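The primary structure of each chain is shown beneath.
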Amino acid sequence: SQTIHQWPATLVQPVGSPLSLECTVEGTSNPNLYWYRQAAGRGLQLLFYSVGIGQISSEVPQNLSASRPQDRQFILSSKKLLLSDSGFYLCAWSVVPLSGANVLTFGAGSRLTVL
Amino acid sequence: GESVGLHLPTLSVQEGDNSIINCAYSNSASDYFIWYKQESGKGPQFIIDIRSNMDKRQGQRVTVLLNKTVKHLSLQIAATQPGDSAVYFCAEISGFQKLVFGTGTRLLVSP
Chain W
1 SQTIHQWPAT LVQPVGSPLS LECTVEGTSN PNLYWYRQAA GRGLQLLFYS
51 VGIGQISSEV PQNLSASRPQ DRQFILSSKK LLLSDSGFYL CAWSVVPLSG
101 ANVLTFGAGS RLTVL
Chain B
116 GESVGLHLPT LSVQEGDNSI INCAYSNSAS DYFIWYKQES GKGPQFIIDI
166 RSNMDKRQGQ RVTVLLNKTV KHLSLQIAAT QPGDSAVYFC AEISGFQKLV
216 FGTGTRLLVS P
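Protein chains in written order, with our numbering: chain W, 1 to 115; chain B, 116 to 226.
Pulled out of the complex, with its shape left as it was, chain B reads as follows (with noise of 0.2 Å):
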């Protein structure tokens, strides 16, 4: 479900690391997850999605896996640049027209 209430968590890596970003979700009916980059004071943009009866999907530099399992979706970003700092969050179709957003996490990339 949603999280709106809480801090942020963060992620802080140096510029070249592997980042992963960890996302749980509670709707097992959901059809699709989606992760989004929100940099300081910008709407949120789509990075990458993942449909239920999908594992893995890769993108440029990242890859979304999904474990339906545990209900767990990460989000892996490959040798990490500093335009990669930004708030990250994972979203779930949930009902017909709603895409509900998890917790965010922030990510900072030290140089």
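Chain W on its own, in the form it takes in the complex (with noise of 0.2 Å):
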């Protein structure tokens, strides 16, 4: 069965820090890939999506960014963070293409304070 990890679960950062999440999935080849961000109380923002290594679409400009080195690994980074990169971040990962049921499976999130 296929199964999707992320972490850090959390993780508190000072202004101006690095950053680095990271997603893998097990059980799949050739998955599309997704960054979402939920600041506290709001809905789902896409930030990026992937459909195959080093393929990456940004959905808003930001200040992040994301790579995809291996089949099954996402990774979001900044290299300076801002106090509105705070929220709730989730990867998630579907089969190709997008499309019926169970059409995004979600990991645990990572829920990101930059003090």
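Fair warning: there could be bad hints in the mix.
Quick list of the computed label-pair ranges, beta carbon to beta carbon [what the hints assert, rightly or not]:
| no. | chain 1 | residue 1 | chain 2 | residue 2 | range |
| --- | --- | --- | --- | --- | --- |
| 1 | B | V185 | W | L115 | 42 to 52 Å |
| 2 | W | G16 | B | I135 | 41 to 51 Å |
| 3 | B | H187 | W | S58 | 39 to 49 Å |
According to the in silico footprint, chain W covers these stretches of chain B (three or more CB under 8 Å from chain W) [unchecked claim]:
| no. | region |
| --- | --- |
| 4 | 156-162 |
| 5 | 213-223 |
Going by beta-carbon spacing under 8 Å, a handful of chain B positions derived as facing chain W [what the hints assert, rightly or not]:
| no. | residue |
| --- | --- |
| 6 | L126 |
| 7 | V128 |
| 8 | Y140 |
| 9 | Y147 |
| 10 | M169 |
These are calculated hints, taken from the structure and not from any lab test. Please read these numbers as outputs of a predicted model, since none were measured by experiment. Backbone N, C-alpha and C define an ideal beta-carbon position, used for all residues, glycine too.
Hints in hand, dock the two standalone chains.
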């Protein structure tokens, strides 16, 4: 069966520090991978998605970047965090193409607090 | 479109009541619509989906209705239980590889 791992679960970082959140998927090949952000009490905003190794699509201009160095690994990074980067970050995967039931399976999330 | 900047609306119901959660979507070309449930501090979980060529689909205690004329989607939960308390999101497949979420609704179930 497929599983998705996301870490760290919680992170408190000072403004200006770097960030690295990692996500890996097991039990599938060539998945679509996604990073979403959720501010407190808000909806889900798509940040990045990837359809293959080294292929990254950015949805919103921001202080963050994403990379996919391996088929089942997706990394969210920042060189210098801003206060506004605080939030709940969710990694997700799906089969290709995106359609039908169980379209996205989410990880448990990483809660980032920037102070 | 996405309304990620808005505070979540809240629906409060009594245990045993039926709940109806509504969602408006923007892309008339979307092929699939999905409902997700997100419990506090966790990632969203799939509940039920409906294809654009259908207007109703039923699952266990849940029914999704799709009205393409007014671009409206609803999730009905029968005999709501305290364990149903969560934030519910509708989502649509937009473009080839993206899932776009609508504004969520917080469901509070009182015993």
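inquiry  = If you test the structure against every hint from before, which numbers come out violated?
reply    = Violated hints: 3, 6, 7, 8 and 10; rest satisfied.
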